[in-house]
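Taken in order, these protein sequences are the chains called Y and F. Okay, so the first sequence: first residue is 1 according to our numbering, each after it adds one. Okay, so the second sequence: first residue is 1 according to our numbering, each after it adds one.
Careful: at least some of the hints might be erroneous.
In silico DSBU-like links for lysine-lysine, alpha-carbon gap of 35 Å or less [to be verified]: (1) F:K307 x Y:K11; (2) Y:K64 x Y:K11; (3) Y:K11 x Y:K53; (4) Y:K49 x Y:K36; (5) Y:K49 x Y:K114; (6) Y:K53 x F:K307; (7) Y:K36 x Y:K114; (8) Y:K36 x Y:K11; (9) Y:K36 x Y:K53; (10) Y:K53 x Y:K64; (11) Y:K53 x Y:K114; (12) F:K299 x Y:K49; (13) Y:K49 x Y:K64; (14) Y:K49 x F:K307; (15) Y:K114 x Y:K64; (16) F:K29 x Y:K36; (17) Y:K11 x Y:K49; (18) Y:K114 x F:K299; (19) Y:K64 x F:K29; (20) Y:K53 x F:K299; (21) Y:K36 x Y:K64.
No lab work stands behind these hints: they were computed from the structure.
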Amino acid sequence: MISSDTERPAKPDMDRLIAEYGSSLLRLCCLLLKNKAQAEDAVQDTFIKVYEKYASFEGRSSEKTWITAIAVNACRNYLRSPWHRRNAGEEGLYLAEQSPPELPDGTVMQAVMKLPAKYREVILLAYYQELRTGEIAGILGIPAATVATRLRRARHMLEGELREWYFDE
Amino acid sequence: MNKQSFRERIDFEMRDVQLTPERIRRIHKLTDRRAPARRLPQRLPAAVLSLALAACAALVFLSRADIFGLIISRGSDENPLAEGGVTANPTETGVPLPSAAPSFEAAGLRFLPGVAVNEDGRLVLFWQVVSEREDQALFAFKDFSVQGTAVGSPDLPQTLNGLEGLTALGGQVDGRDIPTARSFSAEVSVGSRMEALAVSMTMAVYVPTAQPQAGLETPEWVQDVVSSETWHRINNWMYGAFPDTTIPPVLKATSEPTPPILTATETPETNTASSGDWEADGRGNEAYDDYMEALLRLKAGEIDEEKLVDVARAAQRAHCMDAIEDNRLVLLPDGTVASCYVETMRDVISEEDRGPDDAQASLALAERCGVIRLVGEVRIEFTVPPAG
């Protein structure tokens, strides 16, 4: 189908993308990687890839979903890297360095970071990025049923962690 | 808990987590800080395109001697696709064929394209992929592009790009034979046979990995603090054997109450219900942490090598369970495990709403997870001259 009025930018507006997605992506990556320095690198990798691949983005998913998928893949790359595994024991440094000192135990952030990685992924994509199950399945490359199962388990774990201040309020 | 309150709470708790100005500058620098380009029409108006194509066709016609070798046959009433695909020897179909069709080869797979005109007068681009490999190779087309079509088939690149062309050639899956030399075809609609087609794509060939990369990574320095026997025991575990014989594995025997049932296709909850021990599932990263701690404790003299081996075995088991749940491994009835690459690939390509970008990402993920390994690729480019 020939169309003469279909227009799209050849290159992305990086100012807009950084303003629109920068903070939430950084927080997402922080929670996935539990390391702020790596999270910043992952976000940088994400934006570079968005810039490079923007022309091939066909809009079959939302821009947010597409960028989130790139960010998750970037984080997975870091998680699988030998460097990350060697330094896995230092993950807590992020909490110690970055959390506001007045932040009490039992915060959502801390509860999420206690989740095993696979549950952390789905809970953040579903509740923080507000993606649908099918979109999450596409991003993670797993069946939607597995996403649903992991979500149920993750919610159950979070309920146990957050019951006092969150669910009973 | 709802999504809005969850997000708001996270944003509040992490309000100090922001991209620093320095990081933003770096991102801009790495992306050249080019201003967003002026919006251009994605597709040219039909009239302009037709003119360009006509000019292109004329040029191709005039320089025919330099053309790759494909010649469109005219006046055919045969549709090779309607004949049930392309045979190994296309001339037997009676379809007029290119006189010197090129072929391309990568890692033991041959790609044989051809061109014909069907009953409707539509130009048909078709091809055959023939595997000369003895293993279960997979191939995928990337960056599929056909340029020079006046009417065009807007879905064509999206249909063929990414993993849509992915299939297994040869071998068996779950005891079922996978056909060899499976043929794939595609139609390209053209408004005029006077137009030239420029076809390009990349065919990537993958093979399943014998040992998916879900095992433990042991630092080299450990060699200096453990015996060679222990080093061998903690490093020589392969995915050919499930690392814990205390769990009797049974594959897809859901009617049997015992022993516990572990399958790659069941959901984790089903697995949990079947086996209390399955709670270790999802603990691969934590188990790795335990392993690393055990290595340090061994180095400090706090534990002996037998204890280290026990911890390593537990970590390997947790990783193996993770891999099974993630459909990277399947537990077989004989207690061994094997790669689930085909099942994983089926999941990938069965997503109907998956776009090329997602497909490419999934392909990359499968490769990164060690489910498949790229063994070769070839860039395929050829020009189909106009029929005039």
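Exercise. Among the hints numbered above, which are violated by the structure, and what are their numbers in rising order?
Worked result: 1, 6, 12, 14, 20
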